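Protein chains: 2
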Amino acid sequence: MPETDLDQRCINALRVLAMDAVQKANSGHPGMPMGMADVAYTLWTRHLKHNPHNPEWPNRDRFVLSAGHGSMLLYSLLYLTGYPLKMKDLQEFRQWGSRTPGHPEYDIELGIETTTGPLGQGFGNGVGMAIAAKHMAARFNRQSYPLFDHWVYAIVSDGDLMEGVSQEAASLAGHLALDNLIYFYDSNRISIEGSTDLTFTEDVGARFSAYGWDVQEIDGHDCDAVDAAIGAAKAATGKPHLIICHTHIAYGSPNMQGDAGAHGAPLGEEEVRATKEALGWPSMEPFWVPDDVIANYRLAAPRGERAEAIWRDMRTNYEHAHPEEAQELARVLAGALPENWQTAIPSFRPDNGPLATRAASGKVLTSLAPVIPELIGGSADLAPSTNTILSGYGDFQANRREGRNFRFGVREHGMGAILNGMALYGGIRPYGATFLVFSDYMRPAVRLAALMGVPPIYVWTHDSVFLGEDGPTHQPIEHLMSLRGVPNLTVIRPADANETAAAWKVALERRDGPTALVLTRQKLPILPETAKAAMEGVARGAYILSDSPLDRVDIILIATGSEVAVTLAAQKLLQDHRVGARVVSMPSWSLFDQQPVFYKLSVLPDDVIRRLAIEAGSPIGWERYVGSYGDVVGIQRFGASAPYQRIQEAFGFTAERIAERAQQLMAE
Amino acid sequence: MPETDLDQRCINALRVLAMDAVQKANSGHPGMPMGMADVAYTLWTRHLKHNPHNPEWPNRDRFVLSAGHGSMLLYSLLYLTGYPLKMKDLQEFRQWGSRTPGHPEYDIELGIETTTGPLGQGFGNGVGMAIAAKHMAARFNRQSYPLFDHWVYAIVSDGDLMEGVSQEAASLAGHLALDNLIYFYDSNRISIEGSTDLTFTEDVGARFSAYGWDVQEIDGHDCDAVDAAIGAAKAATGKPHLIICHTHIAYGSPNMQGDAGAHGAPLGEEEVRATKEALGWPSMEPFWVPDDVIANYRLAAPRGERAEAIWRDMRTNYEHAHPEEAQELARVLAGALPENWQTAIPSFRPDNGPLATRAASGKVLTSLAPVIPELIGGSADLAPSTNTILSGYGDFQANRREGRNFRFGVREHGMGAILNGMALYGGIRPYGATFLVFSDYMRPAVRLAALMGVPPIYVWTHDSVFLGEDGPTHQPIEHLMSLRGVPNLTVIRPADANETAAAWKVALERRDGPTALVLTRQKLPILPETAKAAMEGVARGAYILSDSPLDRVDIILIATGSEVAVTLAAQKLLQDHRVGARVVSMPSWSLFDQQPVFYKLSVLPDDVIRRLAIEAGSPIGWERYVGSYGDVVGIQRFGASAPYQRIQEAFGFTAERIAERAQQLMAE
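Protein chains in written order, with our numbering: chain A, 16 to 683; chain B, 16 to 683.
Chain A with its partners taken away, still in its complex shape (with noise of 0.2 angstroms):
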């Protein structure tokens, strides 16, 4: 297919709308979109399969731009294509309120499917994708009913490629064989401080191949050679596709076309004018755009239908020769659970423990994966320690892409990312688990899950100093405090096994957020207390475990955790020097700050200003709810290495030390 003078003005046109966009925002990022626009193009208009008038059809190609700076690309092709994204709100780029921010930002109706913008997390969220895809397809696709059957591309910058989050996902999507990946590598050798010759020179095309892809490398201004490679990688199986495009930034500007300043500044009126000049563009007018280019990009939109319609009757004939599939199928990509999935939530008693709310964990996960067929998930390496195998399920492999194990391996970053995309896929309920001192390492894609509100949950076990002789290294301090200001993530640290069954129901049920479980290695009793008021109390974020054993309450001890046994035990102390405690478990301070004020004030009255807190963590922040008389027994230094009751004692984690702390404050 030779490249057309429309073609060329409808690839012109995304350089135009870069330049038009970033310059009327005077902010912005116009070389990449001019670089990559011929791959763009020809990607869009060749081979991507979507419907602009349906962008939730589960079947399109999946289009991630990690490279997220270059966000006017992706705007200008959905405006172009005729999705719902308007010319107004092109000129509206980087506006307090319009649907072009600087980054692109998760919004399905209007075609873009990730957030991204930090670098390396979009090529984590692809493989996340192509994981979900095949997954799907296992799990649907019968003979003649290829329901799920699609491309997941995406285009990757230099920049994405030296984050060591796209390494981990590059090293697993090769082991996995996911061949329904086609990376485009903008390497146009220019970062922000200029040559990329400055920093990485590596042999990138060598370093995929070791990781098991197929690597191609051609001109990436040239259509017909794009054309060829995404032709060449469709139609090699058994490997993910990195197609190497060498481009220039800023291409067609005669003055900034491969410098590191087109990078993400405007080019200025003056350069834009040259470039249009350059280009040929007939008009200086900005934003402005031939009507011909619109209506060439616009036969996406019928395309794309036929392409739908053709999948829907497929869907129809599936719904009559597989009934129940059809109907599980409809069920999982609308997001809900299965009916009744609440039965098999387990109950624990006094008599089955002591049990680690990691092990309660792994119990409901064991009692849950029978019924919640979407639930899947994996470690980054510490499935036996976090208790997050679903038995019988098998592995997630690339022979075997029925399986609901994942084994993400020491890439906790990798898999946050992956999580992500495999959450955004829909159809499935993803989870992923390590120590809680390590959710540092996946911080940024926690993070991003958050901002998206997508449902990812965390299995963060480990959670504390009193993990014992693995010692400060791996021992939290600040994290259950640094988790709990991320907007939108969920943070549960359940007391017990019911609290912890409670927690997981909370995480399902949630639909626009993440959820982080932070669970104990240590055993912990099972509370007389939970089996009944557990459920209700953690998705309430604090409640009455057990009120002050007097006729009035002197004062209100709040714990989290595994700080929460310790703490009765201290309440019966108390009692004894005839002082009434009320004992508040408080496993979620997110869902506690969204009850309406009477259940906040029934928990915890103003007139008690005796308060304590009690968590194996930082400070910090307590003095919300404990106020200015009150204290907080915490974790102000890192820990030790020592079998943990030893660190009980000398972090001042014993019922003795409580009651005395307790004490103290009614003293003063």
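Derived by calculation from the structure, the hints in this document are not laboratory data.
Heads up, some of the hints might be wrong.
[What the hints assert, rightly or not] Cross-link-like lysine-lysine pairs, in silico, DSS-like; alpha carbons within 25 angstroms at most:
| no. | chain 1 | residue 1 | chain 2 | residue 2 |
| --- | --- | --- | --- | --- |
| 1 | A | Lys39 | B | Lys538 |
| 2 | B | Lys39 | A | Lys538 |
| 3 | B | Lys39 | B | Lys64 |
| 4 | B | Lys547 | B | Lys520 |
| 5 | A | Lys39 | A | Lys64 |
| 6 | A | Lys520 | A | Lys615 |
[To be verified] Distance ranges between label pairs, derived from CB positions:
| no. | chain 1 | residue 1 | chain 2 | residue 2 | range |
| --- | --- | --- | --- | --- | --- |
| 7 | B | Glu300 | A | Arg661 | 20 to 30 angstroms |
| 8 | B | Glu417 | A | Glu300 | 31 to 41 angstroms |
| 9 | A | Ile325 | B | Ala665 | 41 to 51 angstroms |
| 10 | A | Glu354 | B | Asp234 | 57 to 67 angstroms |
| 11 | B | Glu71 | A | Glu671 | 38 to 48 angstroms |
Note that this is a predicted model, so its numbers are computed, not measured.
We put the CB at the ideal spot given by N, CA and C, even for glycine.
Using the hints, position chain B against chain A.
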């Protein structure tokens, strides 16, 4: 040098001590030390240049156990070669207060070069040490005086190489041609979940070749092969070296060799016995080591003392030949700043402004660069945005080791781990820069700097939603609060150029932990008060910037960073309403918390209970300073893409809105 029976017993002693210590602690990782005993013995007895009687000898080889879970290997080597680590210490492995915690913790007196355990970190530390060695050599070595002339060795595991942080560091090490690095990859093909076939099947050797490393592959149980590989690595210049050692985890154990179960749990009394038998170990007594084995290892001390003596002679001659350089070397090795360096710190006047604090920081760096030659650093591809180029001092590159500017690439995590290695090496003061939101990418390394008590300086700019158009992916919300929770990390958010200068002073004078400078993208006025008050005020963490203009203090307004100027404007508005507001600038919580009570009370007197904190970030924790009757102007959601003035209005960070909130508080 053929392996003798004594060699074999020396090697087996490492296996026996690891088994016995883990067994006694009933916790730990015996498999790796047993698998890597041959490599470790060969390295430590035939190659490693070190003096157990002076672990701080500057020209020693560095040895990093990146696979820190194999800590018993390191402890055994240190005990056997005669460092001040005793048999008693080995017997107290993983116990409270012992010198042998679960994972190695930086302790140069014992010969422990860095804290490891969180995987991939040691890999990056070694790269930082190799960089530092090259730089120190370029700065101080002279013809006939190779004062810095040694190797950096590390043992790295499958897990280390799966982590993104190691991949970032490896790519940079290849680019920088760090041929003084020799890494042993313990390729035992076992991780916690089982065989690496589950998830890690890439061609590691090919990947490292792609990064530009020299790669060899050997039988890790063949001492002569190990010896020869080290020799070959030393002879091959221009590339870092990876020696892939094929090993068996838990080598020698009849039933556990090659088993994932031997990774992280004691072998069991019976298997320990069986292994000792299989190894032909003469005694079943725990911790028993033959005298001739100890004597053989202890040859390290006289050998090391001789080597160091020769080096000391060279240094003495150097003192005569190059007295100025020798004096300068003594100073930087002692970690002392140059005399009168503070006089180079610039001061700013209101008519110099407005100035972003990132720009002020750049000016401070420019002023200090000629005065403090050991100040070196760079950015993760954001040098122009973070203002961190030391102009005129060149880049550190393969052909320019004296360069003081580092091009870390888009590798924040690698940068963090490398900075730690540079700081550990001594003689230099490294800094690293990125946007505050991307501190998330480097958190695990930041935490380790704090845990080790080494002083890299972080320059984190674009510190709030007021970075504007880049939008929520780039706008920190929870970061300030979450970083304040890291023990021993000093976080400083200066309010203007003078506070920025004072913050640099605090950071440079700090020797026992890292400091984060949190700086604005947007311009800020230079406040009239700070030229005089900032130097002491910042060092104290908080100070009265502008006291109530009335004869009483009705309310205290506490602000940080960019919110201070707008709070001063609010103070004026309040005065018009006859409300006397004191404005406290609080650039650092931790510095303020360390002040004596009388000082704290002078800034925040108990009797003023109306207090309002103003900070463009998560409000969590501010209750500590505003108390039960206070309030916080903070942000509890993600940000937005728009010009920053629009965001200031929308998020309530204008003088009018702050004054309103203060008046509401007054009315309550």
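Each hint tested on the structure:
Between A:Lys39 and B:Lys538 the alpha-carbon distance is near 21 angstroms, which keeps this suggested pair within the 25 angstroms criterion. This hinted pair checks out: B:Lys39 and A:Lys538 have alpha carbons roughly 21 angstroms apart, not beyond 25 angstroms. Proximity of B:Lys39 to B:Lys64 is assessed by CA-CA distance (about 32 angstroms); at most 25 angstroms being required, the pair is judged violated. Between B:Lys547 and B:Lys520, the direct Cα distance comes to roughly 15 angstroms. Compliance with the 25 angstroms bound is thereby established for this hinted pair.
Straight-line distance between C-alpha atoms of A:Lys39 and A:Lys64 comes to about 32 angstroms, which puts the hinted pair past the 25 angstroms bound. Of the supplied pair hints, the one linking A:Lys520 and A:Lys615 holds, its CA atoms being roughly 22 angstroms apart against a limit of 25 angstroms. Restraint check, B:Glu300 to A:Arg661: a C-beta distance of roughly 27 angstroms satisfies the suggested window 20 to 30 angstroms. For the hinted restraint 31 to 41 angstroms between B:Glu417 and A:Glu300, the CB-CB distance of approximately 53 angstroms leaves it violated.
Checking the proposed 41 to 51 angstroms range against A:Ile325 and B:Ala665 shows it holds: the Cβ atoms sit about 46 angstroms from each other. At about 59 angstroms, the CB distance of A:Glu354 to B:Asp234 agrees with the hint of 57 to 67 angstroms. At about 43 angstroms, the CB distance of B:Glu71 to A:Glu671 agrees with the hint of 38 to 48 angstroms.
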